[in-house]
Structures are given as structure tokens and as C-alpha cells.
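Novice: Here the protein sequences line up with chains A and B, keeping their order.
Residue numbering for the first sequence follows this note's numbering, starting at 141 and increasing by one per position.
Residue numbering for the second sequence follows this note's numbering, starting at 226 and increasing by one per position.
If you're looking for bench data, these hints aren't it; they were derived computationally from the structure.
Some hints here could point you the wrong way.
What the hints assert, rightly or not - Simulated restraints on C-beta separations: (1) B/S345 x A/D192: 18 to 24 Å; (2) B/D305 x A/R146: 47 to 53 Å; (3) A/D166 x B/K344: 36 to 42 Å; (4) A/K241 x B/E319: 41 to 47 Å; (5) A/D173 x B/N235: 32 to 38 Å; (6) A/K215 x B/T355: 42 to 48 Å; (7) B/P327 x A/Q142: 32 to 38 Å; (8) A/K215 x B/I237: 26 to 32 Å; (9) B/Q290 x A/M211: 27 to 33 Å; (10) A/G233 x B/L269: 33 to 39 Å; (11) A/G233 x B/N291: 27 to 33 Å; (12) B/Q238 x A/D166: 36 to 42 Å; (13) B/L269 x A/I189: 20 to 26 Å; (14) B/Q326 x A/I145: 17 to 23 Å.
Just so you know, even glycine gets a beta-carbon here, dropped at the ideal spot from N, CA and C.
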Amino acid sequence: MQLQIREEKENIYVKIHGELDLKVADDLRQELDETLDKIDKKDLVLDFIGVDFIDSSGLGVILGRYKRLSMLEGKLVILNPNPNVKRILELSGITSLIEVKDSLEYTG
Amino acid sequence: MATTSGAILNSIQLQFMSIPDNIGLARVTVASFAAQLDLTLNELEEIKVATSEAVSNALIHGYEQNKKGIISISATLFEDKLEIVIEDQGKGIENVEQALQPAYSTDPERMGLGFMFMKSFMDDVKVESTVGKGTRVYLTKFLESAQKLQAAND
Chain A
141 MQLQIREEKE NIYVKIHGEL DLKVADDLRQ ELDETLDKID KKDLVLDFIG
191 VDFIDSSGLG VILGRYKRLS MLEGKLVILN PNPNVKRILE LSGITSLIEV
241 KDSLEYTG
Chain B
226 MATTSGAILN SIQLQFMSIP DNIGLARVTV ASFAAQLDLT LNELEEIKVA
276 TSEAVSNALI HGYEQNKKGI ISISATLFED KLEIVIEDQG KGIENVEQAL
326 QPAYSTDPER MGLGFMFMKS FMDDVKVEST VGKGTRVYLT KFLESAQKLQ
376 AAND
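Produce the complete structure using the sequences and hints provided.
Specialist: Written as C-alpha cells, this is what we have:
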């Protein structure tokens, strides 16, 4: 798993590459939390363009960061999930909490 | 290990240590085996997720992250179904019925989605567990008649 992290005007943008399962869950959680500690922005944009697979371990990390952000009235947005990943996001119910968009719609 | 249901057309077995790196290997191997059938890409992805969840459960709950456990997987193609069995010799589940409930989780971050995904993505999920001995999860996908035909012809 690889992350590309960028501070934008209004948010933190993180492009994720890899398969989000139990193998990477701890590293993903830690890197995202460190980023949120370091960069003082309320909103987090996770670009899933390079995410090939996600299961409940990966979803748990995403949901945990959503909870952290929403306590401080921040927002989490997921960009560009592939169709398979998008189905998993929908089935998990996470899309009722977290905005999921394609890049074209993203103006951030 | 597998329950009988017509003739066995093909079967594989895989054994590996309870290390997180092996979860990807397990789901890709099972999906490759399933790809012999005339399944859609969605169905193959579903089999991947279900396998990943069962193996993750074995690692997290069965072996409590101890990396020296052994996980066994068999995938068997019968005339009318594909059956994947994931087995560990870990600590077992005290209350299987409770573990299968949608929102039940011992880990708040995983949200109890593991069994929910297995149940959503497979046609049947069966769990046998003995405390102190281990757990066996049966994931079954019933095959449509066209798929059966192809399986029999191959």
C-alpha cells in the first residue's frame, strides 16, 4: 500500500494505492492519523483511484477516520472508487455517512 | 472436509501460516479456482471478499493475531455448487449465533461486517466451531444450470 499526501487549500488530499485489507489496516490507520495530527485541516479527501480491493478491515479504518473527523465537524470524501469497490462501500452502508464521488464532480 | 453433493468435479487445498500477507494470496487463489466457472466479474469479486473476511476472522479471532497458526482452505467444485471451506485450529467461537448477527463485533472498527459480507455474497454460510479446538466456515455458491453444464463439460 502506498499513500500520496498533499495539503490543499481546503482539505487534506490522500491518494491511496493498493488492496485495503487486514494486512495494511494498521499502517493505513496510523498514516492517516499522523497526517490528521500534522496537517490542520478539517476535511479529508481519499482518492481511491488506485484501490483494487477493500474488505471490512479496510472499511473499518475509513469509518474510524470518519468518526474522528465528524467529532470536529470535518468531512470525509471518497473519490473515484472502481465499480467493485463502490459496491462494497454501498453494501456496507458507509455511503450513507461518507460522500462518494468521481473526480469530475470534485472541485475541492 | 467437504459435504457431499453430487460428484466432485475439481478440488484444491491450500495451507498457510496465519500471517496477514497470506490473506491476499488466499482470496486470489480461491478466485482463480472459481474463475474456471462461468461466473461474472462481480461474482468473482464477491467470492474474493467473502474469502478475505473468513481468513481475516481466522487470523484476528481464531488465532488472535498469533502468526504461528495454520489456516487451511479447500475449494471444491461439485456438479451443483462451489464450496469453500476455511478452517483454523484457533480458540473457537463461544456463541456462533451471536457472531453471525449483522452488527455484532468484538472490534468496533470492523463494524461486524465480516459475516455480513460473507452472507450477502455467498448463497449459504455455515459455521462450525468448538471452543479451544477451532472454527470451520463453509461458504457455498450454488451454480445456475448454465454454469453446471459448463462445469460438467469442462
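Novice: Is 33 to 39 Å respected by the C-beta to C-beta distance linking A/G233 and B/L269?
Specialist: violated (23 Å)
Novice: CB of A/K215 to CB of B/I237, is that within 26 to 32 Å?
Specialist: Since the Cβ atoms of A/K215 and B/I237 sit about 45 Å apart, the hinted range of 26 to 32 Å is violated.
Novice: Could you check the hint for me, namely that A/K215 and B/T355 are 42 to 48 Å apart, CB to CB?
Specialist: holds (46 Å)
Novice: I want to verify a distance hint. Is the separation of the beta carbons of B/L269 and A/I189 within 20 to 26 Å?
Specialist: holds (21 Å)
Novice: Can the suggested window of 41 to 47 Å be confirmed for the beta-carbon pair A/K241 and B/E319?
Specialist: holds (42 Å)
Novice: Can you tell me whether the CB distance of B/S345 to A/D192 sits inside 18 to 24 Å?
Specialist: With Cβ atoms ~20 Å apart, the hint holds.
Novice: Do A/D173 and B/N235 keep their Cβ atoms within the hinted range of 32 to 38 Å?
Specialist: violated (45 Å)
Novice: Honestly, do B/Q238 and A/D166 meet the 36 to 42 Å range at C-beta?
Specialist: Violated, since B/Q238 and A/D166 (Cβ atoms, about 30 Å apart) do not stay within the stated range.
Novice: Determine whether the Cβ-Cβ distance between B/P327 and A/Q142 falls within the hinted range of 32 to 38 Å.
Specialist: For A/Q142 against B/P327, whose Cβ atoms are near 33 Å apart, the range 32 to 38 Å holds.
Novice: That 27 to 33 Å hint for A/G233 and B/N291 (C-beta), does it hold up?
Specialist: holds (32 Å)
Novice: For the pair B/D305 and A/R146, does the Cβ-Cβ distance stay inside 47 to 53 Å?
Specialist: For A/R146 against B/D305, whose Cβ atoms are near 52 Å apart, the range 47 to 53 Å holds.
Novice: Assuming the hint says 36 to 42 Å, is it satisfied by the Cβ distance from A/D166 to B/K344 or not?
Specialist: 26 Å Cβ-Cβ, so the 36 to 42 Å window is violated.
The structure does not agree with the numbered hints 3, 5, 8, 10, 12 and 14 stated previously, though it agrees with the rest.
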